[in-house]
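Q: In case you want the letters, here they are:
2 protein chains.
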Amino acid sequence: AKAPAKKEAYGGRGMTFEQDIDESNAYYLSRQKAVIHKKPTPVQIVKVDYPKRSAAVIKEAYFKQASTTDYNGVYKGAYIDFEAKETKNKTSFPLKNIHDHQITHMRSVLEQGGICFVLIRFHMTGEVFLIDAAHMITFYDEQHLRKSIKKTDIEHFGHIVTTGYHPRIDYLTAVDQIYFQSSTKGANIDGR
Amino acid sequence: AKAPAKKEAYGGRGMTFEQDIDESNAYYLSRQKAVIHKKPTPVQIVKVDYPKRSAAVIKEAYFKQASTTDYNGVYKGAYIDFEAKETKNKTSFPLKNIHDHQITHMRSVLEQGGICFVLIRFHMTGEVFLIDAAHMITFYDEQHLRKSIKKTDIEHFGHIVTTGYHPRIDYLTAVDQIYFQSSTKGANIDGR
Ligand SMILES: [Mg+2]
Ligand SMILES: [Mg+2]
Numbered sequence: 005a006k007a008p009a010k011k012e013a014y015g016g017r018g019m020t021f022e023q024d025i026d027e028s029n030a031y032y033l034s035r036q037k038a039v040i041h042k043k044p045t046p047v048q049i050v051k052v053d054y055p056k057r058s059a060a061v062i063k064e065a066y067f068k069q070a071s072t073t074d075y076n077g078v079y080k081g082a083y084i085d086f087e088a089k090e091t092k093n094k095t096s097f098p099l100k101n102i103h104d105h106q107i108t109h110m111r112s113v114l115e116q117g118g119i120c121f122v123l124i125r126f127h128m129t130g131e132v133f134l135i136d137a138a139h140m141i142t143f144y145d146e147q148h149l150r151k152s153i154k155k156t157d158i159e160h161f162g163h164i165v166t167t168g169y170h171p172r173i174d175y176l177t178a179v180d181q182i183y184f185q186s187s188t189k190g191a192n193i194d195g196r
Numbered sequence: 005a006k007a008p009a010k011k012e013a014y015g016g017r018g019m020t021f022e023q024d025i026d027e028s029n030a031y032y033l034s035r036q037k038a039v040i041h042k043k044p045t046p047v048q049i050v051k052v053d054y055p056k057r058s059a060a061v062i063k064e065a066y067f068k069q070a071s072t073t074d075y076n077g078v079y080k081g082a083y084i085d086f087e088a089k090e091t092k093n094k095t096s097f098p099l100k101n102i103h104d105h106q107i108t109h110m111r112s113v114l115e116q117g118g119i120c121f122v123l124i125r126f127h128m129t130g131e132v133f134l135i136d137a138a139h140m141i142t143f144y145d146e147q148h149l150r151k152s153i154k155k156t157d158i159e160h161f162g163h164i165v166t167t168g169y170h171p172r173i174d175y176l177t178a179v180d181q182i183y184f185q186s187s188t189k190g191a192n193i194d195g196r
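Read top to bottom, the protein sequences are chains U and S.
So the first sequence is numbered by our numbering: it starts at 5 and just counts up by one.
So the second sequence is numbered by our numbering: it starts at 5 and just counts up by one.
Rather than coming from a laboratory, the hints here were simulated on the basis of the structure.
Quick caveat, the model's predicted, so the values are computed rather than measured.
Among the clues, some could well be false.
[Claimed, not checked] Here chain U is said to cover these stretches of chain S; the calculated rule only asks that three of the stretch's residues, wherever they fall, bring their Cβ under 8 Å from a Cβ of chain U: (1) 43–52; (2) 107–116; (3) 142–150.
We put the CB at the ideal spot given by N, CA and C, even for glycine.
So here's chain U without its partners, still in its complex pose:
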């Protein structure tokens, strides 16, 4: 039901980060590599019209607070859950981009043994990093010390994600390296 992406001069440029991730998920799904979807925006529907001979029209609705992160699904039997964030900053990621309910959800997912992370894109360079939720939670809890995460810390604690055409954001290759390469799941989140 989705229109094909407009042709771009350069992979990903002009598309939003979420559109690039959606395209990557569609690619993974079509190759039977993973089943990961963006969660729809939660909306409280108040009034709906049912015109004759055409589709129902929602005439009044309100945005509801999301209670989870942006994306979830299954890869190699494991539960995958992540939030996508983009920043125009060059040297750091401001923690005001992360919300309380997202951190609460990440804690719960880690508690249940799910794989949970944040994908961060630096808009200026197009670089994408995967940072495990455990690290993000630590930075979030230390906001009295620092209001943002230095890019050098993201480079150190996170993992670079390859970007290209198909898929645009190849985060599952990073997931493989981090969570599936070692014998113990999650054991590799600190090392690079």
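Since the structure of chain U is provided, determine the placement of chain S with the ligands on it from the hints.
A: Same frame as chain U, now just chain S with the ligands:
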């Protein structure tokens, strides 16, 4: 952000099946037993008003076709995915309640090693059954033979789910028995 459920004379009566499941998921989450959420209804938003000093109002939007099932999340590290269905029939479950895109999604989830099933409530008796997606897919593919699943077959291939107050629909106890009791995950879907 949700109003408390109205007091009910009898557990679950008067609540919709999905409300009962939502309440069960809230219970599981509060006890750190699982992180499972209903996916919001997908909506294509066309027009939004931003009135001064009050919340944004969606003035025009349309329902989009869902591409997945109703619920997903993580339990003991495993990916959990299910669809909830209720029928007023007494002796069978009509397969017209199951949609193509739901079956496609279930196939993909099973392919990735996720735990996938359908919860069926028989409205007249309040009985709830869990039937593994593999069985549901078989019945779906055999619609040229039978347009519905006999309740006796659901009793045979499925598992009864305990209902009560907290949680109202205790489907994780059934999940434990079916998917976590034996050494090989998924090995117990046929036996009772
Ligand atoms: Mg986001
Ligand atoms: Mg349903």
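Q: Against this structure, judge whether each hint is valid.
A: Evaluated hints:
no.	hint	result
1	43–52	holds (count 6)
2	107–116	holds (count 5)
3	142–150	violated (count 0)
Hint 3 from the list above is the single one not met by this structure.
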